[in-house]
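> Starting from the given sequences, assemble the full structure and let the hints guide the process.
Residues per chain, in single letters:
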Amino acid sequence: MDELIEQIRLATQALAEFSVHLFNPTIRLGVTGLSHAGKTVFITALVHGLVRGGRFPVLEAMATGRIARAYLAPQPDDAVSRFDYDNYIDALAAKRLWPASTRQISELRVVVDYQSLNGYQRTLTLDIVDYPGEWLLDLPLLTKSYEEWASESLRLSRQLPRADLAKHWHQHLATLDPNAPEKEQEALTAARLFTEYLKACRAKNYAMSLLPPGRFLMPGELANTPALTFAPLDLSTEGPPPPGSLWAMMRRRYESYRTVVVRPFFRDHFARLDRQIVLVDALAAINAGPDALLDLQHALDQVLDCFQMGRRTLLSALLRPRIDRILLAATKADHLHHTSHDRLETILKRLTQNSTAKAELAGAQVDVIALAAVRATREAMVRQGRQQLPCVLGVPVAGETIAGEIFDGETEAAIFPGDLPEDPDELLDTEKKSFRGLSTMSSQNADFRFLRVRPPFLELTDSGVFALPHIRLDRALQFLIGDWLE
Amino acid sequence: MNKTWRHRPPAVFRLDDDHVIVGLAKQAGGSSRHPVQVKPEPDFDTLAITVQESARSLPRGVRWGTLFWCALVGLILLAVGVRVTDLIVDLFARNKELGGLALALAILATVSAAVIAVRETTGLMRLAAVEKLRQRAVDMIARDDRVEARTLVQELLDLTRRMPHLARSRANLEGHLGDIIDGADMLRLAERELMTPLDQQARALVSAAATRVSVVTALNPRAVIDVLFVLASALILVRRLAFLYGVRPGTLGFGRLVRLVVVHLAMTGGLAASDNLIQQMLGHGIAAKLSARLGEGVLNGLLTARFGLATIDVIRPVPFAALPRPTLRDLMSEVLRGFGDGEERQRSAESGDHRSSIERAT
Chain L
598 MDELIEQIRL ATQALAEFSV HLFNPTIRLG VTGLSHAGKT VFITALVHGL VRGGRFPVLE
658 AMATGRIARA YLAPQPDDAV SRFDYDNYID ALAAKRLWPA STRQISELRV VVDYQSLNGY
718 QRTLTLDIVD YPGEWLLDLP LLTKSYEEWA SESLRLSRQL PRADLAKHWH QHLATLDPNA
778 PEKEQEALTA ARLFTEYLKA CRAKNYAMSL LPPGRFLMPG ELANTPALTF APLDLSTEGP
838 PPPGSLWAMM RRRYESYRTV VVRPFFRDHF ARLDRQIVLV DALAAINAGP DALLDLQHAL
898 DQVLDCFQMG RRTLLSALLR PRIDRILLAA TKADHLHHTS HDRLETILKR LTQNSTAKAE
958 LAGAQVDVIA LAAVRATREA MVRQGRQQLP CVLGVPVAGE TIAGEIFDGE TEAAIFPGDL
1018 PEDPDELLDT EKKSFRGLST MSSQNADFRF LRVRPPFLEL TDSGVFALPH IRLDRALQFL
1078 IGDWLE
Chain H
4 MNKTWRHRPP AVFRLDDDHV IVGLAKQAGG SSRHPVQVKP EPDFDTLAIT VQESARSLPR
64 GVRWGTLFWC ALVGLILLAV GVRVTDLIVD LFARNKELGG LALALAILAT VSAAVIAVRE
124 TTGLMRLAAV EKLRQRAVDM IARDDRVEAR TLVQELLDLT RRMPHLARSR ANLEGHLGDI
184 IDGADMLRLA ERELMTPLDQ QARALVSAAA TRVSVVTALN PRAVIDVLFV LASALILVRR
244 LAFLYGVRPG TLGFGRLVRL VVVHLAMTGG LAASDNLIQQ MLGHGIAAKL SARLGEGVLN
304 GLLTARFGLA TIDVIRPVPF AALPRPTLRD LMSEVLRGFG DGEERQRSAE SGDHRSSIER
364 AT
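Chains L and H, in that order, are what the protein sequence lines are. Whatever position you read off the first sequence (first residue = 1), add 597 for the numbering used here. Whatever position you read off the second sequence (first residue = 1), add 3 for the numbering used here.
Bear in mind the hints are in silico, worked out from the structure with no lab data behind them. It is possible that some hints are incorrect.
Below, a list of computed lysine to any residue pairs in the SDA-like style, where the Cα atoms sit at most 25 Å apart [stated by the list, open to error]:
| id | chain 1 | residue 1 | chain 2 | residue 2 |
| --- | --- | --- | --- | --- |
| 1 | L | LYS801 | H | ARG11 |
| 2 | H | LYS42 | L | GLU1007 |
| 3 | L | LYS801 | L | ASP1022 |
| 4 | L | LYS946 | H | ASP148 |
| 5 | L | LYS946 | H | TRP8 |
| 6 | H | LYS135 | H | PRO322 |
| 7 | H | LYS42 | L | MET978 |
| 8 | L | LYS764 | L | LEU714 |
| 9 | H | LYS42 | L | GLY1001 |
| 10 | L | LYS764 | L | GLN718 |
| 11 | L | LYS946 | H | ILE144 |
| 12 | L | LYS780 | L | SER742 |
| 13 | L | LYS801 | L | ALA788 |
| 14 | L | LYS801 | L | GLU1009 |
Dropping the structure here:
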C-alpha cells in the first residue's frame, strides 16, 4: 500500500514537471558515488568548465562554439543548501586542498544558452545534487525488511576481515535477547558499538563499501534521534516480534528510519533522474585488498539496482522518468599512467557487469571510462637499472606512506603504483585472494600503492581564470548531455 | 605468506633525493652515481609511434596483363628513342646548329617527361594514401586505439598542411594532441576541426554544378550538347572536389579517381534509391508533367549531385563520423530553389559563408 502511494506521488510529480520542461528542457544529472569517490570535485570541475570555459575539445557543442554562455542560476529547491562552488574552487586553486567530505545535501542549477545545430537559440537547464556518499547505501534498504537487513548485516560482519573489527559489537550482541522487554540503554549501546564497527570498516586500510545504514556514518541533522538508535539483532525465531520486546523496538525504529530518512531522500533526489554518472573509486579498493574490491562490487550492484533505467519513451517521460544514459567512471585516473587506463576501465566493467547488463537490456546506453575531473599529476618514465617504470609525478598528501617513506605534503615524487593486470579476474578471484592490500599487509609489502596527491598548481588562462586540467571530463559531458545540446 | 602476485610491485622516487635525476642524463659517467632517472613526459606524442603495415597485400601470381603492357610500352619507347637518336644524328650531319637544337629539345622533352611521370606517380600515391587513411580511420573508430589515432591525426594534419584557411583549425588541433583523449574521440575532433570548412565548400561546389547542369539542359535545344555538358561538368566537379580535399591527382590519378567514383555509385546506387530517390523521381515526374525539358533538367541536376556526393565519399580522407553526411535531399532542395533564381541562391550561399566565417572566428 505504502509502495503504491509512493508510486502515485512520483507519477504526479513527473506529470507536473513534464509540462514545464516541454519548452525549457531540464536535465537532472544524477552524480552517484560512494563516499570519497570524488562527487564534489567532479561537480566543481564540471561547473567550472561549463561556466568559465574549460578546455573541452571532445564536448562538441563547446568546441564548435555553439555554447553562447553558461551560468549558475538559483536552484529550484529553497530548502536545500546551495552547492558551495566558489569556496571549493578557491580551496583547490589557492590552498591546493581537496574539498572535505560532504556532510549535507546541496544543490545547484547550471543554465546553458546554446545554438542548436539547425540554428535555433535554446536553453538547457542542468540540475545537479551533491550529497554525502554514505547516504547512497541507504537506497537498497528501501526493499529490505528489518529481519532481512539484520541477518545480512550479521552475515557480513562475521566474514574476515570484518569479524576482527566487529569483536566488541559481537560481544555485546551475545548478551542481548531479542524477545526480552525493550530497554533504551541496551539499544543505545548496541547502536554505538555497531556504528563504531561500521566506522572501523571504512578506515583507509580496509576501505569497505557496503556499510548501511548510511546515516550511522554521516548522521547529518539526525544525530542522536531514535531513528538512528537501532542495530541488527541476532534473530533465531521467525514470525512477528512479541509486543514490547527489544526486537519490536528495533524493528519500529528501522521502519521509521526508512520512512523518515530513506524514502524522502530517494524521492527528492533519485527517483526522477534523466542521466546518471556513477563515480567509482576502484583504486582505493584495490589499495586495500581483494576483500574491499569484492565489497565494492556488491555495494555497486545493490545501489545501481535502485534506479530506473531504460529507453526514454513518452509514457516513461510522463509517469516515471527513466535514466537512458549511464556513465560508469573510474575516478582518480590521474593516479595511473595513461597506458593503464584501459585496464582500469576493464576492471570497472567487470565490477559492474551485472547492473550494466540489466540496463542495456532495458535499452539504456552505458559507457565506461577512466576519469580524472581534476588532473593532479603529470606523467614520467622512470628508468631504474634496466627496467622502465611508467610513473606519475605529483605531490603526495601529507602523511601518505609508501615503502617506508612518509611524505610531508610538499615533496614531489614519481609514483609507480603497481601494474594493473590485463585480466580483471586476477584481482577478483575469491578463492586465491591473489593480491595483498593494506588490510592484510604493511605499506611496504602491499602489491598496490595508490597515493593521494595534492591538487596541481593551476595556471591562469588568457581570460584570467584558472584552467582545471582533467582527463576525459569532456568525453563524460559529451556522453551525458551532448545529445541534448545538438 | 608466499608471494603469489606476478606483477611489478609499486615503487616511489622522491624527486629531491640524491640518487634521482630528473630529465635526461647528459654524461655517461653520471649514471653510476644516479641510478634512477626520471624523464617527464610533457606530451603524449613523445611515445614511440608505430605504424602498422597494411595486411592486405596478398601474395599474387604473375600479372600477365601488366607485364604485357609494360613490355609493349618499353618497346615503343625504344622505337621512339631510336628514331629520335637517328634524327639528331642526321641533323648533326647536315648542320651543327640544327643538331644542337634538336638535342636540346630532346633533352627538354625527356626531362619534362620525367617530371610528369614523377608528378603522376605522386598523384596516384596521394590518392592511394587517402584511400588507405580512410580505411584506417574506419577501423580506428571501431577499435578506439589512442596511439594509432595520434598517428592518423598527424597524417591528416600533414595532408591539410597546404590549406592556408585551415591554419587556425590546425593550431587548435595540434594544441590537443598532448591531451589524454581516446582514439575515436580524437578522430572525431580532428574531423570537426579540419573537415567542417571543407565540407561546406564541397556542398557549395556540388549544388552549384547541379544547378548549372539543370539550367543548361532545360534551356539547351540540342541533346548532344546536353550530354557533353553533363559529362564535362561532372568531370570538372570531381577534379575540383579532389583539389578541395587536398588530393591533387594527376591525369592518371584523375582517371583512377573517376573510376572509383563510378564504382562507388554502382555499389551504393541501391541504397540511395531506397533512401530518397523515389521522392526525387516523383518530383521529377511532376516537373516533367509541367514541361518535358524542365523534368529532364531536374533529372540531370540530380545525377550530377549524386555524382558529386559519391566523389565526396571517395575523396574525403576521414569517414563521416562526427559531422552529418550531406544528403541528396538537402542538395536538391537547394538546386530547385536556385532554379531560375540563381541570384538568390548566390546570396544565400554568401550569407552561409559569412556565418561559417563568424563561427570560425569565435
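> So, for every hint listed, does it hold in this structure?
For each hint, the structure was consulted:
Proximity of LYS801 of chain L to ARG11 of chain H is assessed by CA-CA distance (about 23 Å); at most 25 Å being required, the pair is judged to hold. Between LYS42 of chain H and GLU1007 of chain L, the direct Cα distance comes to roughly 20 Å. Compliance with the 25 Å bound is thereby established for this hinted pair. With a C-alpha separation of about 23 Å, the suggested pair LYS801 of chain L and ASP1022 of chain L falls inside the 25 Å cut-off, and the hint holds. For the hint linking LYS946 of chain L to ASP148 of chain H, the alpha-carbon distance of about 18 Å falls within 25 Å, and the restraint holds.
For the suggested pair LYS946 of chain L and TRP8 of chain H, the alpha carbons sit about 22 Å apart, so the restraint of at most 25 Å is met. Note on LYS135 of chain H and PRO322 of chain H: the hinted pairing holds, with a Cα-Cα distance of about 12 Å set against a maximum of 25 Å. For the hint linking LYS42 of chain H to MET978 of chain L, the alpha-carbon distance of about 5 Å falls within 25 Å, and the restraint holds. For the proposed pair LYS764 of chain L and LEU714 of chain L, the alpha carbon gap of about 62 Å is over 25 Å, so the pair is violated.
Taken as a hint, the LYS42 of chain H and GLY1001 of chain L pair is honoured in the structure, with Cα atoms around 24 Å apart against an allowance of 25 Å. Of the supplied pair hints, the one linking LYS764 of chain L and GLN718 of chain L is violated, its CA atoms being roughly 63 Å apart against a limit of 25 Å. Of the supplied pair hints, the one linking LYS946 of chain L and ILE144 of chain H holds, its CA atoms being roughly 20 Å apart against a limit of 25 Å. Our distance criterion of 25 Å between C-alpha atoms is met by LYS780 of chain L and SER742 of chain L, whose separation comes to about 22 Å.
Restraint check for LYS801 of chain L and ALA788 of chain L: the C-alpha separation of about 22 Å stays at or below 25 Å, so the hint holds. A hinted pair counts as satisfied when its Cα atoms are at most 25 Å apart, and LYS801 of chain L with GLU1009 of chain L qualifies at roughly 22 Å.
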